[in-house]
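Here is how the chains run, residue by residue.
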Amino acid sequence: MTLHRRKVLKGIAASGASLAVLKAPYVQAQAGPMKVGFLTIKTGPLASGGLQMEQGLTVFLKERNNMIAGRQVELHTADTAANPAQARTKTQELVERLNVSVIIGPLAAFEALAIDDYIRSSQTPILTVAGAEDMTQRKANPWLVRASATSAQPSHPVADYAAKELKLKRVATIADDFAFGHECVAGFQRVFEDNGGKVVQKLFSPLNAPDYGTYIAQFKPDLDGIFTGHAGANGLKFIKQLREYGSKVQILGGFTPVDESLLQQMGPEALGAITGNWYSAQLDFPINQKFVAAIQADYKVDPGVYAAETYVSGEVLEAAAKAVGGKIEDKPAFMKALKETNLATSLRGPMKFDEFGNVVGNLYIRKVEKKGDKYVNAVVKTYPNVSQFWTYKQDEFLKNPVYSRDFPPAKNLEN
Amino acid sequence: MQGQFWIIQTLNSVAFGGLLFMLSSGFSLIFGLMRIPNLAHGGFFMLGAYLGYSLLIRGVNFWVAALLGGLAVGLLGVVIERFIIHPSNRILLAIGSFLDAVIFRPLGLRAFSGAWRGMIARFRGLAGNEQGQVLMTLGVSFIVADVCLLIWTGDPMTLPAPPALRRPLFIGGYSFPTYRLVVLGVALVAAACLYLLMERTRLGAMIRAGVDDREMARGCGIPVSRLFTIVFLLGATLAGIGGVLGGPILNAYPGLDTDMLPLALIVVILGGAGSLLGAFVGSFVVGFLYNFGIALVPDLAYFVLFLPMVLVLMFLPQGLFGRVQL
Chain A
1 MTLHRRKVLK GIAASGASLA VLKAPYVQAQ AGPMKVGFLT IKTGPLASGG LQMEQGLTVF
61 LKERNNMIAG RQVELHTADT AANPAQARTK TQELVERLNV SVIIGPLAAF EALAIDDYIR
121 SSQTPILTVA GAEDMTQRKA NPWLVRASAT SAQPSHPVAD YAAKELKLKR VATIADDFAF
181 GHECVAGFQR VFEDNGGKVV QKLFSPLNAP DYGTYIAQFK PDLDGIFTGH AGANGLKFIK
241 QLREYGSKVQ ILGGFTPVDE SLLQQMGPEA LGAITGNWYS AQLDFPINQK FVAAIQADYK
301 VDPGVYAAET YVSGEVLEAA AKAVGGKIED KPAFMKALKE TNLATSLRGP MKFDEFGNVV
361 GNLYIRKVEK KGDKYVNAVV KTYPNVSQFW TYKQDEFLKN PVYSRDFPPA KNLEN
Chain B
416 MQGQFWIIQT LNSVAFGGLL FMLSSGFSLI FGLMRIPNLA HGGFFMLGAY LGYSLLIRGV
476 NFWVAALLGG LAVGLLGVVI ERFIIHPSNR ILLAIGSFLD AVIFRPLGLR AFSGAWRGMI
536 ARFRGLAGNE QGQVLMTLGV SFIVADVCLL IWTGDPMTLP APPALRRPLF IGGYSFPTYR
596 LVVLGVALVA AACLYLLMER TRLGAMIRAG VDDREMARGC GIPVSRLFTI VFLLGATLAG
656 IGGVLGGPIL NAYPGLDTDM LPLALIVVIL GGAGSLLGAF VGSFVVGFLY NFGIALVPDL
716 AYFVLFLPMV LVLMFLPQGL FGRVQL
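Quick mapping for you: the protein sequence lines, in order, are chains A and B. Residue numbers for the first sequence follow our numbering, beginning at 1 and rising by one. Residue numbers for the second sequence follow our numbering, beginning at 416 and rising by one.
Don't take every hint at face value.
Unchecked claim - Which stretches of chain A does chain B cover? Using the computed rule of at least three CB atoms under 8 Å from a CB of chain B, they are:
{"hint": "1", "segment": "215 to 224"}
{"hint": "2", "segment": "238 to 245"}
{"hint": "3", "segment": "259 to 271"}
{"hint": "4", "segment": "324 to 334"}
{"hint": "5", "segment": "400 to 412"}
What the hints assert, rightly or not - Simulated restraints, written as ranges between beta carbons of each label pair:
{"hint": "6", "chain 1": "A", "residue 1": "P268", "chain 2": "B", "residue 2": "R450", "range": "25 to 31 Å"}
{"hint": "7", "chain 1": "B", "residue 1": "G554", "chain 2": "A", "residue 2": "E165", "range": "52 to 58 Å"}
{"hint": "8", "chain 1": "A", "residue 1": "A378", "chain 2": "B", "residue 2": "W421", "range": "51 to 57 Å"}
{"hint": "9", "chain 1": "B", "residue 1": "G554", "chain 2": "A", "residue 2": "K336", "range": "47 to 53 Å"}
What the hints assert, rightly or not - Going by beta-carbon spacing under 10 Å, a handful of chain A positions derived as facing chain B:
{"hint": "10", "residue": "K42"}
{"hint": "11", "residue": "G44"}
{"hint": "12", "residue": "P45"}
{"hint": "13", "residue": "A163"}
{"hint": "14", "residue": "D177"}
{"hint": "15", "residue": "D211"}
{"hint": "16", "residue": "V301"}
Simulated from the structure, these hints should not be mistaken for lab results. Backbone N, C-alpha and C fix where the C-beta goes; we use that ideal spot for every residue, glycine too.
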């Protein structure tokens, strides 16, 4: 066959036209697979959480044979390497080059903040798992839903439990010296002190502190408990060292320090630690039992909060996609459906979203126990229907500054 | 409270200083002799911790694991020094001829074969290019970090301390982890051995000569490039042993390398490169600065190590006991 110039030109014109069609978002629906972007961390010091996020999402898609709402899912995974600039570049690549309709991730708050304005301007629905409070409060992003929790959301019930049920009076806090640690501790302090407790020491250690001996030696000998907001390997390091120094004090914590992924490494040191979380591998819902079995079979570990985050995000994505008949390319309608998601059952139990896109659902008080030869986070109490505002009135909550190192002010510090 | 504070913090400081000495003595010797900071040293420390973990969970005795882990890291150090930082033409030629014999000749690539041999014969690698060598060690550190991530995954691993040392020790009514004191003891023994090696043996004298004046040492017939390999072996082994010993305190986790490397740098800048005494004093100074600094002025936690470093660099650029003007 000879190639005629006119034919070629026609062909080019036609392909140009079809490209134009593809660019029009409302027409493209249901043509081909559903494109989902996934921002995670696969290299560097935060890779542990990022790899678990990937495990959770992989199990979710495998359970569904890679089909959501009757459509094939095309997953595009991008490694942000815990670098805000790279998170931004990768997001842009996902949206503009790979044409994804929705993004799951990223892991860390500083990454989520780095892409915040791009998410707004490109109007890409995003299911984030980062904790930064203001992303769903004073500076809420209309294109974002968070199915996990804010940094302090699980700290509130722990404080309530510590004050009312454990009847603790004097507690010291310690956390990594960055926004997540500050917010995590601030939420605990506020609720604990509003219920008659006192935070008598408040320490923040640099994220890369090599050794906690110097902090541990500062703790007063007559504390009722120590609240830790350390994340990742630091939680493991801190709790082990605390026990190494012979301290037997009650350990309290936000949702990171005794995560299932660290628990087997901690061993007896963590026994008895009380933490708040929206998830535990011990939850006895059928969905969770299946999930735990699948993760154990594929990866030989118990799922922790990072794996659960992406699974729950997947469930929300699926529910919303079904609500719009699979047409997730219609962004405004899909975003609306995401926010209106109201699941009677999910990996974490019943859940819905508030007007800011942050989750309202069960929070669990968990205690580290030994079950067989394994350490687990046994659920000792469930707080149903907990929002990011705890029991405070939304307007009043939002009038305060965002949780930080200095807010709420610590009035009971002793020296 | 006050008494406890001073006692415990002092113990903390010396114990941490001991661990730092294991890390930074080798770093200092390499720095002094080769004039380059080995940026893979944190990686060596982390690799030691991970290797120790793998040995320990297979039931190897703790001290044997420390030794094996250290030696394995030491051998890796030799390979890196010999093949990457100072590739010797003889070794490259051997590899080259081997490839030539099994690949190029049988395939009849005669022209290619000739070009290949010529290239190797002219190859100088990074010899004399100190910037290139530093960058190379940085590259090695990235590779070590990612290989560790691949093998041991990102989850932090705890190295179990020897069972007998796990219970806290009670000193005058205050408890202190026994294991840390043992680490301090090991570090002191290592320091004594290194002192004897450096001051009382011929090898030590050669190394000292190389640190003081490399060219003159060469002129006197000291095989300086062989010393490079020996010092790299020694430094990497010490870092590896330090990693295993530090494991029960610090755990093995991705990022341990970049947490430790700056500490080694500070120790060496304070103490002076190439000086064993400098590394020793520097380690304990940093141990005290870190522990007391953070406890007494918590708001300056990030600052407390780097301010002294800046001051030393400004007024005493050789460090306290430095033998080398950097």
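Structure-based check of all given hints:
| no. | hint | in the structure |
| --- | --- | --- |
| 1 | 215 to 224 | holds (count 5) |
| 2 | 238 to 245 | holds (count 4) |
| 3 | 259 to 271 | holds (count 5) |
| 4 | 324 to 334 | violated (count 0) |
| 5 | 400 to 412 | violated (count 0) |
| 6 | P268/A with R450/B: 25 to 31 Å | violated, 48 Å |
| 7 | G554/B with E165/A: 52 to 58 Å | holds, 54 Å |
| 8 | A378/A with W421/B: 51 to 57 Å | violated, 41 Å |
| 9 | G554/B with K336/A: 47 to 53 Å | holds, 49 Å |
| 10 | K42 | holds, 8 Å |
| 11 | G44 | holds, 7 Å |
| 12 | P45 | holds, 3 Å |
| 13 | A163 | violated, 25 Å |
| 14 | D177 | holds, 7 Å |
| 15 | D211 | holds, 6 Å |
| 16 | V301 | holds, 8 Å |
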